[in-house]
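The chain contents come next:
There are 2 protein chains.
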Amino acid sequence: MKYVIIVKPKKTILDPQGKAIKKVAERYLQNKIKNIRVGKYFEVEIDKRNDELIDKLAKNVLSNEVIEDFEVLKE
Amino acid sequence: MKYVIIVKPKKTILDPQGKAIKKVAERYLQNKIKNIRVGKYFEVEIDKRNDELIDKLAKNVLSNEVIEDFEVLKE
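Top line first, the protein sequences correspond to chains A and B. Going by the working numbering, the letters in the first sequence line up with residues 116 to 190, in that order. Going by the working numbering, the letters in the second sequence line up with residues 116 to 190, in that order.
Bound-form chain A, shown alone:
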């Protein structure tokens, strides 16, 4: 079973990496970009379905609750 976990900075948190990429992208594309936010993407494969395990993994290992939100998608 394959899961996808997306971890991204909370809406209220400043995202300096996104800001930096936005600046470079605008210069490169010669075009205005409204916003870029950067997060992490994980593909996790386990033998059989175990949503609870994946939730625990996302919450405690892959993300930092204080500054990040996560989302679990099944593939």
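This list has only true hints and no planted wrong ones.
Intra- or inter-copy, both count: the list cannot distinguish identical chains.
Below, a list of computed lysine to any residue pairs in the SDA-like style, where the Cα atoms sit at most 25 Å apart:
#1 Lys163 - Met116
#2 Lys147 - Ile136
#3 Lys149 - Ile128
#4 Lys155 - Glu190
#5 Lys117 - Ile148
#6 Lys155 - Asp166
#7 Lys189 - Ile148
#8 Lys137 - Ile182
#9 Lys155 - Lys189
#10 Lys125 - Glu186
#11 Lys126 - Asp184
#12 Lys138 - Val122
#13 Lys125 - Val181
#14 Lys147 - Val187
#15 Lys171 - Val153
#16 Lys117 - Asp184
#17 Lys137 - Lys174
What the hints contain is simulated information worked out from the structure, not anything from laboratory work.
With the hints as your guide, set chain B onto chain A.
Showing chain B alone in chain A's frame:
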């Protein structure tokens, strides 16, 4: 218009970051994990739809063609 761009290491490329996280996760969860691959996640907002621009951004700014694949999703 909001786009999501996923950049991940090509299947044939070793993913040492994924391997390291897999090891930690298995120890933490006391459970076998088949595989973890790590990629990057970008949310890009632009004023109006421009698939070509986003494709150029993903290809030339956000990813490295030699070792990474990218995927563009519309939201």
